[in-house]
Amino acid sequence: SQQGEEDPQALSIQEGENATMNCSYKTSINNLQWYRQNSGRGLVHLILIRSNEREKHSGRLRVTLDTSKKSSSLLITASRAADTASYFCATDAGSQGNLIFGKGTKLSVKP
Amino acid sequence: EAGVVQSPRYKIIEKKQPVAFWCNPISGHNTLYWYRQNLGQGPELLIRYENEEAVDDSQLPKDRFSAERLKGVDSTLKIQPAELGDSAVYLCASSPGGGQPQHFGDGTRLSIL
Numbered sequence: 003s004q005q006g007e008e009d010p011q012a013l014s015i016q017e018g019e020n021a022t023m024n025c026s027y028k029t030s031i032n033n034l035q036w037y038r039q040n041s042g043r044g045l046v047h048l049i050l051i052r053s054n055e056r057e058k059h060s061g062r063l064r065v066t067l068d069t070s071k072k073s074s075s076l077l078i079t080a081s082r083a084a085d086t087a088s089y090f091c092a093t094d095a096g097s098q099g100n101l102i103f104g105k106g107t108k109l110s111v112k113p
Numbered sequence: 004e005a006g007v008v009q010s011p012r013y014k015i016i017e018k019k020q021p022v023a024f025w026c027n028p029i030s031g032h033n034t035l036y037w038y039r040q041n042l043g044q045g046p047e048l049l050i051r052y053e054n055e056e057a058v059d060d061s062q063l064p065k066d067r068f069s070a071e072r073l074k075g076v077d078s079t080l081k082i083q084p085a086e087l088g089d090s091a092v093y094l095c096a097s098s099p100g101g102g103q104p105q106h107f108g109d110g111t112r113l114s115i116l
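Protein sequences appear in the order of chains A and B. Sequential numbering from 3 applies to the first sequence in the working numbering. Sequential numbering from 4 applies to the second sequence in the working numbering.
Keep in mind the hints are simulated off the structure, nothing from the lab. Accuracy of the hints is not assured; some may be wrong.
Below, computed lysine-lysine pairings styled on BS3-like, alpha-carbon distance capped at 27 Å [as the list claims (entries may be wrong)]:
(1) K74/B x K18/B
(2) K28/A x K112/A
(3) K14/B x K105/A
(4) K112/A x K71/A
(5) K108/A x K14/B
(6) K81/B x K105/A
(7) K65/B x K18/B
(8) K71/A x K28/A
(9) K58/A x K71/A
(10) K65/B x K105/A
(11) K71/A x K105/A
Derived, one-sided and incomplete: chain B residues facing chain A with beta-carbon distance under 7 Å [said to hold, decoys possible]:
(12) G45
(13) P46
(14) L48
(15) L94
(16) F107
Per label pair, the in silico range of CB-to-CB distance [as the list claims (entries may be wrong)]:
(17) W25/B x L77/A: 37 to 47 Å
(18) N33/B x S53/A: 38 to 48 Å
(19) A57/B x S53/A: 39 to 49 Å
(20) E17/A x E71/B: 26 to 36 Å
(21) T22/A x E86/B: 31 to 41 Å
(22) Q62/B x N40/A: 19 to 29 Å
(23) R12/B x L77/A: 25 to 35 Å
(24) A83/A x A57/B: 37 to 47 Å
(25) L116/B x K28/A: 16 to 26 Å
(26) N41/B x R52/A: 42 to 52 Å
(27) N41/B x N24/A: 41 to 51 Å
(28) Q20/B x G61/A: 44 to 54 Å
(29) A5/B x R52/A: 23 to 33 Å
(30) S30/A x V8/B: 16 to 26 Å
Just so you know, even glycine gets a beta-carbon here, dropped at the ideal spot from N, CA and C.
Using the sequences and the hints given, assemble the complete structure.
The structure is reproduced here in structure tokens:
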């Protein structure tokens with residue numbers, strides 16, 4: 003079963019624009035993580051935000067977490083063609099430390 | 004550091020045949036995961052190891068799937084016999100444990116004819 007749901011399913015933007023992806027989940031969590039997956043490759047960890055944190059930055063990435071709404075957002079600023087990939091949120095609900103992934107947002111950045 | 008290595012990258016077999024996937028995790032990572040990823044979906048956990056012990060195999064279809072992690076390092080995942088619905092990408096991941104982020108291999112893309 004998949005707890006997280008990303009929105010939108012697909013997003014197409016021009017290089018230099020910002021991209022925002024949202025994730026909603028159902029149960030209480032210990033932390034929420036975002037991963038990127040390039041076509042035909044494995045997932046790469048981007049950022050982890052704990053349940054007691056509200057915002058976190060890493061380079062051009064900004065993640066927010068609203069535990070009252072059970073939602074998170076990933077903002078990529080000044081996007082580049084190399085950011086083209088699928089982005090997944092994953093929740094750690096503390097049950098044996100396993101991650102539950104959403105279906106992902108497919109981002110296309112046009113040069 | 005070397006990443007998670009999986010082989011083969013691609014496998015095409017006929018239904019009812021057996022198939023095996025191999026994973027070499029990052030050195031020192033005690034926790035190893037096998038996931039299945041269907042087209043257009045996120046990964047779904049099949050089994051998780053802590054060292055050589057399978058601590059969560061609740062999502063592993065045990066009638067046809069088996070896994071092992073000898074000596075707590077490399078791991079193999081086997082399907083016997085394969086069914087058409089097993090077509091997917093099988094991903095291996097490892098982590099140091101303790102809620103640390105997971106590191107993924109590039110997966111094995113399995114196609115069943």
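Determine which of the earlier numbered hints do not hold for this structure and return their numbers in increasing order. 1, 2, 4, 18, 19, 20, 25, 26, 27 and 30
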